[in-house]
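Peer 1: Take the given structure of chain G and dock chains W and Y to it, following the hints.
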Amino acid sequence: MEYVIIIISAVFVNNIVLTRFLGICPFIGVSSRVSTALGMSGAVAFVMTIATLVTYLLQVYILNPFGIAFMQTITFILVIASLVQLVEIILKKVSPPLYQALGIFLPLITTNCAILGVAILAQQNEYNLLESVVFGIANAIGFGLALILFSGIREHLSMVNVPKAMQGVPIAFIVAGLLAMAFMGFAGIV
Amino acid sequence: MNQWKNFSKGFIRENAVFVLFLGLCPTLGVTSTAINGLGMGLATTFVLFMSNIVVSLIKSLIPNKVRIPTYIVVIASFVTIVELTMQAYLPTLFEQLGLFIPLIVVNCVILGRAEAFASKNNLLTSAIDGLGMGLGFAFALTLLGAVREILGSGSLFGLKFIAGDGILLFILPPGAFLALGYLIVIMNKIKEKTT
Amino acid sequence: MAKKESTLLNMVLTLLVVTAVASTALGFVYEFTKGPIAAAREAKRISAIEQVLPEFDNNPGSEVKALAMDGDSVYLYTGRKDGEWVGTAVQTFSKQGFSGYIWLMVGFLPDGTIHNIVVLEHKETPGLGDKMEQEKSFDKKTGKSWSSQFFGKHPDNFQLMVTKDGGDVDAITASTISSRAYCDAVNRAYQAFKEGGNQ
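Chains as they are written, first to last, in the working numbering: chain G, 9 to 198; chain W, 185 to 379; chain Y, 187 to 385.
The set of hints was computed from the structure by calculation and includes no laboratory data. The reader is advised that the hints may include incorrect statements.
[Claimed, not checked] BS3-like, lysine-lysine: derived pairs with alpha carbons at most 30 Å apart:
#1 G/Lys172 to W/Lys373
#2 Y/Lys230 to W/Lys344
#3 Y/Lys281 to Y/Lys350
Here chain G stands alone, though its shape is the one from the complex (with noise of 0.2 Å):
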């Protein structure tokens, strides 16, 4: 029951994008077709899952006993980083055309506060491994609904008369704000 409760929470409830507002530069960035979104969304919900396993680990085992838990911020990037790097090499060899899409986007998934954010909180949630992976997993499944349902939505405006001052990133921003209210309607769920 406790992991449905997780995860209800973290694609819903308190979605990671529309509600905790973390990972919303490859929200804006990646999300004006919907076929990037999916490339996006795969890449983190495979690099938040692995990064969560691992500064579970890490915090556990290592920072804690040692006493050196003020060094978690350093070392969950420096665990992230090198995943996205690993990433980026077996993506190249597996799938080069996906490496092609994501481009630039696919590096930036280091600086994406959605993955930190997401080790972070599952530490602050004091979760067990198990249920650290699932938190982790949820919330992926959470950024890559909000990013999908986004795309989807910018892919309809691009072809629709907006106002100048507000075509591009200001629309982008008052239709986020309304999928925003839409997801608010999850919050007595639980």
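Peer 2: Below, chains W and Y without anything else, positioned relative to chain G:
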């Protein structure tokens, strides 16, 4: 470029938030009040200023292939210093800003300036760039925070000028998106009129 | 711009040196700020005790008793005025919050009546579970907040469970889990008070 131009570009012409669209997570996440926006902006300015200085000092000692991880360690160190110092001397602000303090390390503004500017310019220019971009970022955050606080709570920097609540939407997540979106629209219109 | 060659040795060496310097510097800052950080936490705790107990003139921090309960510890702080026992503040917790741990400071009068409750730490959802904080659920018209329903009540004749579970507590709307956790914490505090609060 002369140092005044170097410093002032961070405020309007190349404002991190309104023009470059960088550092958006904290911009939306902590601006429910003006003081939080200001606090986060100043914390980020400190990290940006110090990391630009350090990167500019050691740039010729870093092999090209490890420059990004090195910048990250430098930036993360200053972020941790800010974390610990705030926890010790400004505990209320620390609690308000919460998760977003360690997240300063992934603020694209800081890594971006280290890579694009500090690694290619001398100490003085990099330092002033850091200061200008940082304070410009702080300006953007304080402005957004002020707008959201005035509309959402009917107060500014904690001083209430109406009784009761304002338009609550603005201190909740959707309000952040809406307020920022419309602020950018206003900026765009101003730019249209002045060109 | 003269940059060092990217040989494997140079790269590894650079990263090691940078990380070593960073870790040492941070170690210093950590040691330096340890004291003030602990002091800030202590100040917050004392302020909470002052809010939940009637006037006292001793230092409750020096008369603290720790009780191990349910996998963690509960702390009892005794308040005295002119040598008379005026109440005990219990720092309690619940692991069943919507987002994990919540910590409360419950003030009991010597006869066990709940005087006041202050939330120390929680991660509940803003706008929902966070109404357990007095400031967040304060209604100007009635001068009361959600937790006011606990004050002046005695746990022996006020069932510390939400009405859904057969108790006397009105849960926060749409935040049953947070409300249950709050009751769980107050219950734990009362158990601790009965066990160790007799001064």
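Peer 1: For every hint, state whether the structure bears it out.
Peer 2: Going through the hints against the structure:
no.: 1; hint: G/Lys172 to W/Lys373; in the structure: holds (9 Å)
no.: 2; hint: Y/Lys230 to W/Lys344; in the structure: holds (25 Å)
no.: 3; hint: Y/Lys281 to Y/Lys350; in the structure: holds (20 Å)
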